[in-house]
Amino acid sequence: KVFAPKIDLTGHKKTHSGEKPCQCHTCGKAFAFKSSLTRHERIHSGNNPYQCNTCGKAFVQKNDLTGHEKTHSGEKPYQCHKCGKAFAFKSSLTRHERTHSGKKPYQCHTCGKAFVQKGNLTLHERTHSGYKPYQCHKCGKAFAQKNDLTGHETTHSGNKPYQCHICGKAFAKKTDLTRHERTHSGEKPYQCHTCGKAFAVKSGLTVHEKTHSGNKPYECHTCGKAFALKKHLTRHEMSHSSKKPYLCHT
Numbered sequence: 001k002v003f004a005p006k007i008d009l010t011g012h013k014k015t016h017s018g019e020k021p022c023q024c025h026t027c028g029k030a031f032a033f034k035s036s037l038t039r040h041e042r043i044h045s046g047n048n049p050y051q052c053n054t055c056g057k058a059f060v061q062k063n064d065l066t067g068h069e070k071t072h073s074g075e076k077p078y079q080c081h082k083c084g085k086a087f088a089f090k091s092s093l094t095r096h097e098r099t100h101s102g103k104k105p106y107q108c109h110t111c112g113k114a115f116v117q118k119g120n121l122t123l124h125e126r127t128h129s130g131y132k133p134y135q136c137h138k139c140g141k142a143f144a145q146k147n148d149l150t151g152h153e154t155t156h157s158g159n160k161p162y163q164c165h166i167c168g169k170a171f172a173k174k175t176d177l178t179r180h181e182r183t184h185s186g187e188k189p190y191q192c193h194t195c196g197k198a199f200a201v202k203s204g205l206t207v208h209e210k211t212h213s214g215n216k217p218y219e220c221h222t223c224g225k226a227f228a229l230k231k232h233l234t235r236h237e238m239s240h241s242s243k244k245p246y247l248c249h250t
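Numbering (the working numbering), first residue to last: 1 to 250.
Treat the hints with caution; some may be incorrect.
As the list claims (entries may be wrong) - Heads up, simulated DSBU-like pairs for lysine-lysine below, C-alpha to C-alpha not over 35 Å straight-line:
| hint | residue 1 | residue 2 |
| --- | --- | --- |
| 1 | 118 | 57 |
| 2 | 103 | 244 |
| 3 | 90 | 34 |
| 4 | 85 | 29 |
Unchecked claim - For each label pair, taking beta carbons as the anchor points, the in silico distance ranges come out as:
| hint | residue 1 | residue 2 | range |
| --- | --- | --- | --- |
| 5 | 174 | 81 | 24 to 30 Å |
| 6 | 179 | 247 | 27 to 33 Å |
| 7 | 49 | 195 | 43 to 49 Å |
Everything labelled a hint here was simulated from the structure, so no lab data went into it.
The beta-carbon is built from N, C-alpha and C at its ideal position, and this holds for glycine as well.
Using the sequences provided together with the hints, build the complete structure.
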């Protein structure tokens, strides 16, 4: 690979050497470039210097603002050739197309689990490392994902700006409203590639797929019987303990 300015070559060489001289003083995470460290530090400081002139929403990175601005214009030039769904970004179309192909190119080196998106792999890896870079400035509680922090912060403010136009129920997060609206529409966008069963939420599909894999990681310590889902093990264990937590009030 060739570069015009020498500084670009110098920076590129770090991708081969693994050198990361720029370290965050708050959490210790290291980066190859100062610009990457600067962007990362905004996670801790809450500094979002790039603001949308239409709605006022602010972002850590300029390209995030650029992408956000398309949500106001409604421009969606990238269309899926299989189902016709259109997207504002080429990257969004690429990710969507994997829902048709079943391709999961991003694999966890620790447990082997594969993902459609690199961002999902990054978040998953934090379940192994315990890394939680998003911290609440009011109570100090830390989170692995930014949207979890955003949702948590509403427990302090009580703010629920996202309201269902059908029943009026309000939510703290846009994603919660989107999931709720599916209870009215019946939409189930997450489909199993093995049997075709569809689900309203991604987590429902993830749990269902375990029934096809044959993987049963949850084992009963009393009799050794194994289960694909944790809730099934929990129910089974009651047969050994004689615990009956569900009481009929009638």
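Hints versus structure:
no.: 1; hint: 118 <-> 57; in the structure: holds (25 Å)
no.: 2; hint: 103 <-> 244; in the structure: violated (43 Å)
no.: 3; hint: 90 <-> 34; in the structure: holds (28 Å)
no.: 4; hint: 85 <-> 29; in the structure: violated (38 Å)
no.: 5; hint: 174 <-> 81: 24 to 30 Å; in the structure: holds (28 Å)
no.: 6; hint: 179 <-> 247: 27 to 33 Å; in the structure: holds (30 Å)
no.: 7; hint: 49 <-> 195: 43 to 49 Å; in the structure: holds (48 Å)
Of the numbered hints given earlier, the model fails hints 2 and 4; all others are met.
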